[in-house]
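**Student:** Here is what each chain is made of, one letter per residue.
4 protein chains.
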Amino acid sequence: MKKGLKIVTIGGGSSYTPELVEGFIKRHHELPIKELWLVDIEEGKEKLEIVGAMAQRMVKAAGIECEVYLTLDRQKALKDADFVTTQLRVGHMEARIKDEMIPMKYGLIGQETNGAGGMLKAFRTIPVILEIVEEMKLFCPKAWLINFTNPAGMVTEAVLRYGMWEKVIGLCNVPIVAIKNESALLEKKESDLFFKFAGINHLHWHKIYQHDGQNITRQAINKLYGPDAKPEKIVANIKNMRFLHEQLTQLEMLPCPYHRYYYMTDAMIQEEIEEAQGEGTRGQVVKRLEESLFELYKDPNLDHKPVELEKRGGAYYSDAACEIINSIYNNKGTQMVVSTRNQGAISDLPAESAIEITSVITAHGAEPIHFGSFPPAQRGLLQLMKSMEELTIEAAVTGDYGTALQAFISNPLVQSGDSAKALLDELLDAHREYLPQFNR
Amino acid sequence: MKKGLKIVTIGGGSSYTPELVEGFIKRHHELPIKELWLVDIEEGKEKLEIVGAMAQRMVKAAGIECEVYLTLDRQKALKDADFVTTQLRVGHMEARIKDEMIPMKYGLIGQETNGAGGMLKAFRTIPVILEIVEEMKLFCPKAWLINFTNPAGMVTEAVLRYGMWEKVIGLCNVPIVAIKNESALLEKKESDLFFKFAGINHLHWHKIYQHDGQNITRQAINKLYGPDAKPEKIVANIKNMRFLHEQLTQLEMLPCPYHRYYYMTDAMIQEEIEEAQGEGTRGQVVKRLEESLFELYKDPNLDHKPVELEKRGGAYYSDAACEIINSIYNNKGTQMVVSTRNQGAISDLPAESAIEITSVITAHGAEPIHFGSFPPAQRGLLQLMKSMEELTIEAAVTGDYGTALQAFISNPLVQSGDSAKALLDELLDAHREYLPQFNR
Amino acid sequence: MKKGLKIVTIGGGSSYTPELVEGFIKRHHELPIKELWLVDIEEGKEKLEIVGAMAQRMVKAAGIECEVYLTLDRQKALKDADFVTTQLRVGHMEARIKDEMIPMKYGLIGQETNGAGGMLKAFRTIPVILEIVEEMKLFCPKAWLINFTNPAGMVTEAVLRYGMWEKVIGLCNVPIVAIKNESALLEKKESDLFFKFAGINHLHWHKIYQHDGQNITRQAINKLYGPDAKPEKIVANIKNMRFLHEQLTQLEMLPCPYHRYYYMTDAMIQEEIEEAQGEGTRGQVVKRLEESLFELYKDPNLDHKPVELEKRGGAYYSDAACEIINSIYNNKGTQMVVSTRNQGAISDLPAESAIEITSVITAHGAEPIHFGSFPPAQRGLLQLMKSMEELTIEAAVTGDYGTALQAFISNPLVQSGDSAKALLDELLDAHREYLPQFNR
Amino acid sequence: MKKGLKIVTIGGGSSYTPELVEGFIKRHHELPIKELWLVDIEEGKEKLEIVGAMAQRMVKAAGIECEVYLTLDRQKALKDADFVTTQLRVGHMEARIKDEMIPMKYGLIGQETNGAGGMLKAFRTIPVILEIVEEMKLFCPKAWLINFTNPAGMVTEAVLRYGMWEKVIGLCNVPIVAIKNESALLEKKESDLFFKFAGINHLHWHKIYQHDGQNITRQAINKLYGPDAKPEKIVANIKNMRFLHEQLTQLEMLPCPYHRYYYMTDAMIQEEIEEAQGEGTRGQVVKRLEESLFELYKDPNLDHKPVELEKRGGAYYSDAACEIINSIYNNKGTQMVVSTRNQGAISDLPAESAIEITSVITAHGAEPIHFGSFPPAQRGLLQLMKSMEELTIEAAVTGDYGTALQAFISNPLVQSGDSAKALLDELLDAHREYLPQFNR
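Residue numbers (the UniProt record's numbering), protein chains in the order written: chain A, 1 to 440; chain B, 1 to 440; chain C, 1 to 440; chain D, 1 to 440.
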């Protein structure tokens with residue numbers, strides 16, 4: 001095994017980068033990274049320089065042997081890479097804000113990864129990721145792609161199905177946050193509980209088992225959502241609204257925070273509209289947050305990740321990416337919840353699909369812990385959403401209008417008929433610049 | 001094979017009965033029915049007597065050897081039956097009207113077999129059908145059950161899964177009407193085309209093949225829903241609203257009329273509200289229609305099916321039931337679209353499910369023509385709806401509130417969260433009398 | 001639909017041709033064939049001329065408007081064909097005799113479609129059929145391929161998987177003979193019974209249902225193989241050896257005659273060896289039969305199919321091919337047992353496999369009547385044999401030695417280890433001339 | 001979590017017990033066993049006393065707080081147990097020797113877990129294990145059953161399917177030995193390689209991945225079975241015969257040692273016959289080995305596991321059982337290859353089957369690392385063997401003769417037809433005393 005690893009981070013100018021760098025630093029004794037390449041595009045040059053300089057300070061302060069390179073030349077960066085991470089945002093925060101605002105005009109949820117907004121993000125992002133994959137085939141055919149660009153599940157599936165690239169793992173922080181919060185709530189150490197997650201990105205369920213093998217999911221449901229429950233701490237970017245207790249009792253599994261969009265649609269839209277009228281949409285809030293983060297990063301004396309980064313919503317994300325790389329490199333067998341190919345691990349979904357599932361990360365990549373099949377309440381929604389994802393990915397790749405329309409109609413957070421068509425048309429038009437495939 | 005068949009029709013006082021009798025008369029040369037038992041309950045006694053007398057006149061006029069019996073004693077009727085048909089309505093037309101009116105208050109579709117109304121109908125009907133199945137086990141264990149009580153698909157699945165009764169076929173006239181209309185539209189004889197249907201009751205798709213093996217579904221889509229299409233003739237009980245042409249082109253299959261509830265939800269609700277404010281809900285219209293039919297049936301000189309019956313919405317239904325019986329009895333191999341057990345004929349749905357599919361009716365019952373799997377646009381909705389059906393059936397059998405709530409939330413025609421709960425509570429209360437399982 | 005059909009029969013010089021011609025003649029009122037092209041290769045020229053002249057006499061005697069063409073130019077024949085039938089034998093009867101004799105030296109079964117012989121036949125035949133398919137793509141892309149060349153199941157699967165040609169139906173006379181014999185034995189009309197077959201070519205099972213829907217398979221088992229059973233009449237080319245009654249009772253299905261090779265291997269080998277020492281192998285017997293048939297065909301006064309043809313072993317084959325063509329052309333919905341793509345009709349086998357199953361023949365081709373899954377006793381053998389078929393087909397296409405060896409080891413009628421390798425080597429060598437793919 | 005664990009070992013008089021005790025001793029710091037109950041039956045009393053006394057000496061020498069109880073009262077032992085291990089042998093070594101000798105008379109393999117012998121062992125063992133499960137339901141309903149009684153896969157499946165007991169894990173040392181030997185051969189640390197096993201007990205395949213994610217299975221095949229390979233070290237109880245290199249190259253997986261019975265049947269039988277004529281059958285050898293082990297155990301000064309035990313053939317078995325218990329108790333996530341319920345982890349086998357697969361052992365038991373589907377060469381044999389197992393288990397439970405016969409005929413190591421029947425009859429007769437279910 002070669003001694004010094006080369007890591008390439010595409011979208012290196014992201015505000016997340018310091019967490020990633022911190023993650024690499026703290027694992028340096030077992031993960032000997034020699035080169036870290038931060039890559040961005042022309043429009044992101046300024047941010048890349050700010051955050052890149054900070055990364056260089058962090059590495060220097062840590063006193064480890066590792067060079068941080070900044071570049072706009074992606075192909076040069078990819079040459080002989082061992083691991084490539086992607087954390088890019090096509091169209092920047094402005095595109096996100098459109099994804100949030102336009103559906104809201106139609107009385108619909110506007111959100112980065114769910115509903116019409118998530119689909120448009122997929123339309124913009126998937127072609128760029130597939131382009132990167134083609135370059136990886138040429139410049140670093142043995143590298144692993146660790147993606148944490150949203151919509152992470154659809155991106156992973158696109159890489160598998162259309163990119164024909166097997167060495168990919170998709171990553172999301174939602175399960176990590178759930179494990180941390182629920183362990184605390186149950187007053188247990190994380191390592192004493194076994195969490196079994198399965199589903200797709202932003203639409204998964206999980207069960208919890210205790211030390212002696214007992215399934216304690218129902219107790220967790222009662223603690224979290226029962227009559228005496230205290231408000232749950234969840235990921236920063238979605239509202240904490242109490243689930244119906246009778247519904248969760250029937251599910252006998254814990255949903256993910258994003259289930260609120262499907263299980264309490266009306267209340268979520270109303271909340272979102274109020275929020276947009278108050279502090280602004282989540283995109284607008286994050287934009288402000290990022291601006292202040294970059295102000296911090298400019299400080300030439302700052303050489304460690306600032307605590308403010310945790311408010312950004314993606315806490316643990318980058319650290320998890322480091323741990324995946326570490327676990328592959330050292331065949332550690334760490335249990336993590338990641339997006340990977342189904343192959344039948346969830347019997348209810350097509351074998352070629354990407355799913356999000358508790359996996360063991362080995363030298364061979366993500367090995368899903370087998371799940372089997374869901375009861376009907378979970379199954380139907382999951383299958384519907386996967387079919388919506390398939391249509392969305394196909395539309396993103398082909399630019400076919402009918403397929404995009406079908407994807408919209410399939411999405412329970414979008415309406416059907418003429419109103420679906422009007423919304424699709426407006427969104428395609430608003431993002432025209434980033435959707436060449438639809439304008440051919 | 002015994003010479004004279006005994007047929008039992010439960011809900012014999014229905015306005016459909018004359019079509020059934022006509023169907024038996026015209027097949028008498030190959031289907032030697034000796035006894036036809038029309039069974040109803042106390043509240044239906046008057047209607048049973050009116051329509052029963054008319055049935056007796058019809059048989060007499062036809063000059064065939066067959067006795068028509070009228071009875072309120074179901075068990076006596078079932079004794080040694082060869083075929084049992086069910087066409088009952090628990091709670092009568094009043095219950096249907098509630099199913100239509102209450103959801104409308106919540107801005108939702110109120111319909112006999114779709115949305116909240118269809119689920120309540122299932123809650124009322126399934127326990128009664130399962131009671132009949134238990135009696136069949138005792139009194140006529142070799143008989144076939146031909147069900148055309150709605151929701152026909154869920155009833156069939158309940159009989160298979162919970163009644164543990166294999167000899168059941170569910171029947172609906174929607175595919176029959178489609179075959180007739182589309183053949184006419186394409187200017188072909190029915191026998192020159194091969195129609196391949198698959199899905200579930202009131203949610204199926206089909207393809208059409210021509211004489212030389214060519215798939216002409218796309219031509220049919222264009223003729224029916226293309227820019228120059230003339231308004232399509234569909235089943236009487238749902239509005240004819242034009243599907244989006246781009247959507248159907250992507251589907252490459254023809255949807256069923258009820259797909260309008262899912263593919264153009266808003267427009268359908270608006271239409272329905274207008275209609276309710278005009279001539280009344282469909283239930284109210286049908287109630288008036290039925291009253292005038294029974295006036296006709298009272299005429300002691302009427303001894304044949306009156307043409308007015310066709311407006312009733314269930315045209316061809318009863319005739320199809322006769323043909324199923326005929327095709328089983330004579331191992332004819334007639335192709336019909338029926339509800340039967342999946343066993344893998346549609347790979348996307350559980351093996352134990354009831355599906356609606358083009359089948360060959362043989363001595364062994366309905367043998368589905370294998371379908372395989374759907375593309376994602378059809379697949380997701382179909383799988384969601386099947387999971388909703390499973391939950392609905394389970395709730396109907398167990399009376400479990402959480403399961404009923406989950407069924408509601410799973411249904412795309414019902415909202416989620418608190419509003420789903422409020423609607424469910426109101427409906428359970430309105431139908432309390434017919435839902436003993438929920439009041440235990 | 002065009003008025004006059006063009007049929008092309010590849011291997012037209014076969015002794016079966018008169019039955020085919022007879023079949024077309026008797027269906028001429030509904031199947032308007034205008035041109036019948038009999039195609040053969042240089043080595044078969046003489047036979048083609050003899051049987052071709054006879055075909056011309058038959059058509060003339062029948063007084064129908066149809067031209068019979070004889071040619072060695074396959075591509076010319078294929079031009080604009082509507083249906084292509086294949087009944088060829090690569091390497092002629094000499095190759096068959098080698099397939100029979102060589103395995104016998106190793107104490108193994110030597111047979112045309114089972115064991116090592118059948119695999120070698122697949123190695124020789126599949127590349128030729130795939131060549132024909134490529135020509136069909138160019139010269140008659142809308143035609144149907146009706147294959148009755150053995151091994152018919154593997155050939156069909158090769159056409160589907162490697163030829164990427166969907167319009168293919170494989171045909172075998174074994175089920176036809178079983179239906180005829182068992183109906184007679186049960187003293188019923190064929191049309192009064194429903195036979196449900198499923199499996200793969202030469203390895204299928206069936207159930208029988210009676211007029212009133214009752215499963216009478218067990219009665220049939222007792223009549224055929226019970227203590228008082230009279231020897232069963234089966235297809236001419238395999239020995240009639242009594243199955244173990246206890247075994248069939250457990251199966252609750254009727255096996256096909258070829259199951260004897262698997263269910264009573266030792267006895268069959270012994271029988272075969274004795275037979276070879278007596279009248280010669282089946283190939284040798286058939287060779288003599290064919291020679292005397294061709295003597296008959298030379299008679300310029302013979303203008304109808306001679307009764308001697310029925311001894312040939314393929315009785316009903318060609319007639320069934322005519323009926324398939326007729327049923328496609330006229331969308332008749334005839335029930336026939338054919339080889340077609342699985343797509344899930346038998347849940348135990350891969351979706352892309354060819355299976356042999358009761359199907360409805362429509363304008364769209366063979367529509368399998370759904371079967372579902374087998375109990376373990378049938379399932380395991382069926383799955384093993386399908387995997388052996390997959391390996392054999394792959395070896396036939398790629399010429400890969402390891403795959404061929406694996407196919408041999410997978411076959412329960414071949415031994416494993418060094419003896420499998422020795423047998424394979426000897427057979428590849430003996431047929432070297434017809435196996436260019438293995439010599440690259 | 002309660003402080004002191006109670007472990008019950010059924011078949012406690014086995015010669016393996018010292019390894020088990022050693023395993024518990026060395027894990028005592030994390031696995032606080034307070035009571036170890038060794039249970040045996042009347043006939044095993046003497047051995048129980050010998051080995052039990054030794055176990056007591058070992059515990060005492062280790063200075064840990066743990067009581068070792070010896071008893072013939074199984075129900076008393078089971079009361080409130082936390083873990084139950086089973087290592088029993090119905091009919092003792094004499095029965096094994098019959099299982100080896102009788103098939104050999106028919107020219108067939110005589111072996112403890114494969115072929116006719118393995119099936120008879122299943123017939124004798126399964127009813128006893130199911131009896132234990134029924135007692136566990138009464139006396140220790142929360143306990144885990146760790147089975148290492150052969151045939152371990154069929155026993156596990158019987159417990160799951162017929163015992164309706166989910167908390168069971170089956171264990172075998174074959175994969176452990178393979179991992180150890182192959183790591184050494186490849187000159188790697190075990191922890192640097194990822195071994196992915198899947199299949200069923202004594203019929204599994206595996207792949208090996210290296211540190212950097214590369215699949216090195218082919219290198220391992222070449223090292224083990226290539227032209228320059230040195231003889232491989234395998235489990236003690238089966239002969240080391242070189243696999244065909246071309247075959248393994250095609251498989252692209254490593255087989256298990258028992259595959260020799262299927263991949264080189266003739267050579268194995270010949271070897272076995274020679275061996276039987278020399279030192280005796282494996283059962284006879286083991287019997288002598290055991291006798292000398294018990295002589296050693298009698299030594300009142302012996303208080304640790306003697307090295308001679310490793311020759312016994314079950315090396316690592318008992319230690320692995322300790323590690324499973326440890327990993328469940330401490331939610332350790334250790335990767336082990338165990339028999340557990342499939343649920344779709346191997347797509348080619350029924351969901352309810354027991355499979356043997358690399359799993360993560362957690363608080364929730366064995367969580368299989370998902371495998372997916374096999375290529376045809378592995379798939380067919382695996383499916384055949386699983387169907388044989390299903391039939392064998394069913395016959396063991398029901399005592400149905402036809403099912404037993406079908407199981408025999410399905411087994412590729414048994415012949416078919418009359419000879420299968422004769423062998424079955426002789427074996428049923430020889431073991432009559434232990435097969436009450438067949439004599440009802």
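Do not rely on the hints blindly, as some may be mistaken.
[Said to hold, decoys possible] Calculated cross-link-like contacts (lysine-lysine; reagent style DSSO-like; alpha-carbon spacing at most 27 Å): (1) D/K26 / A/K167; (2) D/K26 / A/K189; (3) C/K311 / B/K26; (4) C/K189 / B/K180; (5) D/K188 / A/K34; (6) B/K105 / B/K287.
Hints listed in this document are in silico derivations from the structure and should not be mistaken for laboratory results.
**Student:** Does A/K34 lie within 27 Å of D/K188 when you go C-alpha to C-alpha?
**Tutor:** 25 Å, holds
**Student:** When you check the alpha-carbon spacing of B/K105 and B/K287, does it fall within 27 Å?
**Tutor:** 21 Å, holds
**Student:** Under the criterion that the straight-line Cα-Cα distance not exceed 27 Å, is the pair D/K26, A/K189 satisfied?
**Tutor:** 25 Å, holds
**Student:** Straight-line Cα separation of C/K311 and B/K26 no greater than 27 Å?
**Tutor:** 47 Å, violated
**Student:** Does A/K167 sit within 27 Å of D/K26, going by the straight-line distance between their CA atoms?
**Tutor:** 40 Å, violated
**Student:** For the pair supplied as a hint, C/K189 and B/K180, is the alpha-carbon distance within the 27 Å limit?
**Tutor:** 33 Å, violated
Hint compliance for this structure: hints 1, 3, 4 are not met, and every other hint is.
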